[in-house]
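Those protein sequence lines, which keep their order, are chains A and B.
Those letters in the first sequence? Residues 198 to 310, by the numbering used here.
Those letters in the second sequence? Residues 38 to 149, by the numbering used here.
Hints in this document: simulated from the structure, not taken from any laboratory.
The beta carbon of each residue, even a glycine, is placed where N, CA and C say it ideally should be.
Treat the hints with care, as some may be off.
Just some of the chain B residues that point at chain A, by a computed CB distance under 8 angstroms [stated by the list, open to error]:
hint, residue
1, P81
2, M85
3, S86
4, F98
5, M130
6, W135
7, G140
8, G142
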Amino acid sequence: DPKIIQKPKYLVAVTGSEKILICEQYLGHNAMYWYRQSAKKPLEFMFSYSYQKLMDNQTASSRFQPQSSKKNHLDLQITALKPDDSATYFCASSQEGEDSDYTFGSGTRLLVI
Amino acid sequence: QQKVQQSPESLIVPEGGMASLNCTSSDRNVDYFWWYRQHSGKSPKMLMSIFSNGEKEEGRFTVHLNKASLHTSLHIRDSQPSDSALYLCAASMISGSWQLIFGSGTQLTVMP
């Protein structure tokens, strides 16, 4: 059984629209993250949350908004979608601390046309 | 400049051979290193972590770390075609937000 569930697996969106990427983890971890991976860039950190509080935001654009309704949920809302947003978005989780192992979800592959 | 650099970009080894992958950080605030493996179309899976100077071995995989030079290497002996994947080096910072900074990866192909 997958310990981190990401939905949907694939998503096609029209330029200018808004989408929400879902992430739930069942590992009992207190920290959750969003990463983005595209053909042009390496795996890129976006956000980190701990106990539902934002710890770090490395995303330049306010079009990306994380939402944490429960401790084990961290969704990602993306507004005014652009073709450059096309990428695979990975959710991950860990226990607290710089030396904690991450577990990644299977990813949501987003294509913006 | 990327904070975590990996080399080579791609590597081809014969089945049964040794694959050696390198990773260096240019940021003195880096403290811990991980190696992840990502098969095509899949998510990254942690292979090994190393936090102290020296060597760590798990099965066919060995990692080395030199903290003074912030250099780590991953060695895979008796490489198998199933080892063909993108190998990602990641580092975390002292007093950071627990974010991992990833390198661009080494694409390993093991030829049968």
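Handout entry: Hints breached by this structure
Key = 2 and 4
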